[in-house]
Amino acid sequence: GNDSSSPYSDRDDQRKAKSHSKTDYLKLRRFKLHNLAFAIGLASAVLAEQSAFADTSTNNQNNTQSTPDTNPDAPLNYGFYDRQQLAQLPAEQRIKVPAACRGVWITPIPTNSSQPNVPVDQSDTKTRSDYAYYDPKEGSVLTGNVRISQPNRLLSADKVALNPEQTVATATGNVKIANPGFVTYGESGVYNLDTQTGSIKNPKFIMSDRQGHGEASDVIRENDHLTRIMDSVYSTCEPDTIGWKLKSRKLDLNQETGRGVARDAKLYIGQVPIFYTPYFNFPIDGRRSSGVLIPTVRYTSNNGFDLAVPYYLNLAPNYDATVTPRIITNRGPMLGGEFRFLTENFGSGIINGAFLPNDSKYIDDAGRKDQDRKELTFQHSMVFNPHWSSFVNLNYVSDKDYFSDVGQSIIGPTSTLTMERSATLNYNNSDWGLSGYLRGLDYQRLDDKTVTDINRPYGRIQLHLDYDQGSLNGWQRFATNDTGYFQRDITDGSGPETNGLRQYNVAGIKYNFRDAGGYAIPSLSVRTLFYQDQTDYQTNKPATGVSESPTAIVPQFTFDSGLIFERDAGSYLQTLEPRFFYAYSPYVQKQSAFPVFDTTYASNGYEQLFSPSRFIGMDRLDDNNFATLGITNRFYDSNGLERFRIGVADRLYFSDRKTRLAQTDAIGTSSSSGPGVEIGAAWNKNLTVDSSALWTPSGNLSTSSTAIHYATDSGRVTSLGYIFRRNVTEDNQIASRQATASFIQPVYNNFRVLGSVQYDLLQRVTRDALVGIDYDACCWSIALFGRSYYNDFDDPKVTDAHRSVVLQITFKGLASNSDSNLATLLKQKIYGFTQVDSTWQNR
Amino acid sequence: CGFHLRGSGNFAMPEAYRNLQVIVPEGTQLNAWIRAELTALNVKLDVSGSPRLHVLAVRPTRQELTGSLTEIQIGVEADYRLENANGEAITTTRTVTSRRSYQYNRNTVSISDQQSTMLQTELYQDAARQIVRQVSTGRLPELQAAS
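Here the protein sequences come in this chain order: A and B.
Take the first sequence: its letters are residues 1 to 843, numbered as in this note's numbering.
Take the second sequence: its letters are residues 1 to 147, numbered as in this note's numbering.
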């Protein structure tokens with residue numbers, strides 16, 4: 001064999017040795033491999049959002065150790081691999097190929113390396129080469145497939161020469177330096193271990209984590225903390241495709257200060273530069289880095305051409321900012337900013353603001369021109385300990401049209417008529433079954449025309465406590481206390497100004513009997529309601545007989561029960577599930593004269609037939625004496641999927657419903673609710689139909705809704721919906737008829753067409769229509785959408801539809817991973833979009 | 001006509017799942033409801049070494065129509081699978097969905113939208129019922145033994 005310390009080895013012996021054994025180990029204790037690798041790795045990592053030096057501490061010791069850092073004979077696989085080439089690689093090195101890509105960039109040591117991270121001076125260094133030459137006077141030379149490795153670190157070259165002092169290493173020919181998820185390679189490199197300086201000529205690099213890769217003319221390590229990269233190019237695109245790249249002339253990385261400075265950085269699409277910044281100061285320690293986020297280009301009928309380029313500033317590990325300069329041709333320049341912070345002892349928060357001076361297009365309600373448009377929000381949350389936490393939410397906006405005119409979100413329409421200002425202190429102790437909050441809440445009022453004062457929300461200080469102890473399969477004790485002071489100014493004469501204190505209490509006990517064959521749940525509670533009323537009766541005289549401190553005490557009993565019968569029906573399992581629900585609570589006080597601080601009627605629906613609460617909110621205690629009878633029939637297939645369901649129910653009233661929100665509201669006198677039906681069908685895993693309908697006691701259709709949804713694994717979606725509601729005074733239901741349709745249709749390769757429409761059949765108007773295309777090109781994507789819509793409070797008879805065209809280009813690896821505005825919009829408009837989109841990305 | 005009370009015939013919980021460990025992401029009522037439904041079927045919970053009913057993800061959904069008088073649809077989607085005691089999947093991942101729709105009048109409702117809060121319990125109970133029902137049929141598609 002070869003003695004590594006032998007001063008000379010005969011060439012023929014070496015050839016023999018080479019043919020017999022390829023692994024010669026040589027220990028070079030002083031060779032600090034990581035310094036050079038670290039310097040170069042750092043230099044390129046800053047261009048990506050995530051450093052190549054990701055924490056690899058989550059190791060799976062069971063993995064086979066097939067990477068070249070531990071196995072000197074393992075091949076050095078790196079570069080771009082298509083799907084077929086990838087399949088040939090060891091499992092550990094394979095990376096999932098995104099749907100829109102042909103392949104992926106990989107590195108010799110995978111990102112999720114199975115090796116532990118050991119400090120460089122505590123790691124054994126293994127060296128192998130075809131030839132080793134050692135001369136104490138002239139230095140050492142390793143030639144032929146040289147590899148110097150430590151776990152998670154690797155240097156490979158055709159030849160590595162060390163001076164006699166083992167302080168300067170010169171690597172030549174196919175030099176490669178690798179870390180987990182990172183490799184840099186070039187023709188030659190020099191490194192001085194004493195001064196920790198060195199350079200590598202014409203290096204290229206790959207970071208598999210973000211699929212980043214690129215090249216530079218020089219990487220120079222100036223001293224132990226300063227690294228300089230000259231003429232770097234960075235991209236995440238596949239080879240031989242039109243993509244984007246980021247070029248910078250000079251990049252200085254200072255490890256001592258933890259800052260980096262880029263000079264003359266340009267973003268190119270293909271060969272065309274589209275963005276330039278002369279100077280750019282950023283941190284190099286964190287995993288995030290500064291850069292351009294998804295720019296948005298849109299054209300709207302209202303604003304004209306509108307370009308926003310958000311710029312992310314990674315200021316420190318615990319705070320960052322995004323600045324968004326924006327040009328709106330019809331209005332002028334606008335500047336938005338967001339600042340996020342995270343502290344050790346004082347919680348975390350976000351400050352968000354935007355400013356558009358002298359908006360020439362806007363005329364406010366008072367007829368003033370050239371007003372400034374602005375917004376400011378502050379959100380802060382803090383966890384004191386496992387039980388206590390707090391949340392502060394403050395919002396300001398200059399005018400009611402702000403969001404629809406110049407809001408940063410393209411999602412619109414925004415129906416915000418009020419801006420919340422609140423501070424909440426939360427308590428939660430699950431051991432005691434206790435939770436609650438103390439909250440101060442008020443609103444900035446934006447619109448004085450659309451909503452009268454009497455319909456505005458109250459400001460309040462509210463203490464809320466919930467107690468719920470016990471088991472869902474046995475006894476359960478529950479209690480609620482809600483005490484609040486409510487205040488609302490009435491200046492438009494739309495009603496009496498009713499302010500005051502309200503205290504609401506519930507205490508009850510419940511027994512949950514649940515068994516395979518059925519359930520029975522009796523529940524008994526007492527609810528109390530007390531007001532210290534301060535109505536301003538100057539504007540409106542009180543109703544006669546109304547106390548100024550009204551009080552109500554109402555016990556409530558409910559009994560919910562059901563049975564589940566089963567039978568084998570061929571390959572299906574059929575169930576028959578009768579349900580009986582009874583609710584009783586007496587009518588004791590004339591509550592319709594009580595104040596209404598936060599309460600409304602519950603919306604009509606099939607489930608509502610089994611609910612004892614007609615009201616949502618705490619200002620009314622229902623009077624009930626009714627029983628609901630229902631039966632549901634289900635079919636399950638051999639995979640346990642519910643393929644068909646039909647439920648029928650009817651509610652029988654034994655008394656009138658005298659408790660109302662207002663004295664002018666109708667008293668429910670019918671003896672039955674009218675029947676309700678609910679149907680669900682899954683023809684196969686792609687096509688589902690959901691439908692429900694309620695009838696009035698007189699036999700008219702009251703409510704019906706139908707949704708048909710078709711989705712395939714290839715990313716195709718079609719959704720149709722129809723909602724019908726009749727004016728039903730007794731149920732406080734307002735007429736409405738809406739039809740909706742949405743679709744996603746893959747067209748060709750990575751192209752797809754998307755659209756959605758909402759049509760109002762009562763007003764005969766298309767309230768919202770959207771159509772667009774998107775294209776995913778692996779390292780970038782583009783989406784183009786047109787939309788025509790009315791805002792929530794627009795009257796289509798008076799207002800024209802808002803029209804906009806939005807273009808959005810995403811540079812993957814440069815832009816943030818968070819949802820784009822368009823994705824958020826589609827999620828709201830196209831049912832099943834989220835699921836289809838993830839199928840689409842991973843197909 | 002062949003109907004019989006569940007649990008008294010051939011369709012009780014499969015023997016293999018008489019003991020289960022339940023793993024559900026924190027922060028929703030789904031965990032409590034799945035446990036209540038399983039307990040009703042006399043399944044012993046959190047027995048170490050037993051198979052796992054693992055809910056991998058819970059996603060609330062919300063869609064609104066535009067207009068001052070509007071319809072809001074809220075929902076819950078939950079992905080789950082059965083795993084052996086070591087956390088290796090036995091069945092393919094299934095998704096259950098539950099949705100409710102209600103009318104919302106932005107013009108007169110002077111409060112934040114409280115109906116969705118009320119419907120949460122319904123949604124989670126329904127999702128839990130579907131999951132437990134599917135598990136109890138013992139007919140979930142199993143993965144190939146090789147994987």
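Be careful, since some hints might not be right.
Once the Cα atoms are required to be at most 16 angstroms apart in a straight line, the calculated EDC-like pairs of lysine to aspartate or glutamate come out as [to be verified]:
id, chain 1, residue 1, chain 2, residue 2
1, A, 590, A, 622
2, A, 247, A, 222
3, A, 827, B, 77
4, A, 827, B, 88
5, A, 510, A, 468
6, A, 658, A, 619
7, A, 204, A, 215
8, B, 44, A, 468
9, A, 250, A, 238
FYI, nobody ran anything at the bench for these hints, they're computed from the structure.
Since the model is a prediction, treat every value here as computed from it, not as a measurement.
Verification of the hints:
1. A:590 <-> A:622: holds, 11 angstroms
2. A:247 <-> A:222: violated, 21 angstroms
3. A:827 <-> B:77: The hint holds at about 14 angstroms.
4. A:827 <-> B:88: The given pair, whose Cα atoms are some 32 angstroms apart, is violated under the 16 angstroms limit.
5. A:510 <-> A:468: holds, 11 angstroms
6. A:658 <-> A:619: Measuring from Cα to Cα gives roughly 15 angstroms; hence the hint holds.
7. A:204 <-> A:215: holds, 4 angstroms
8. B:44 <-> A:468: violated, 23 angstroms
9. A:250 <-> A:238: violated, 25 angstroms
In this structure, the earlier hints numbered 2, 4, 8 and 9 are contradicted, and the remaining ones agree with it.
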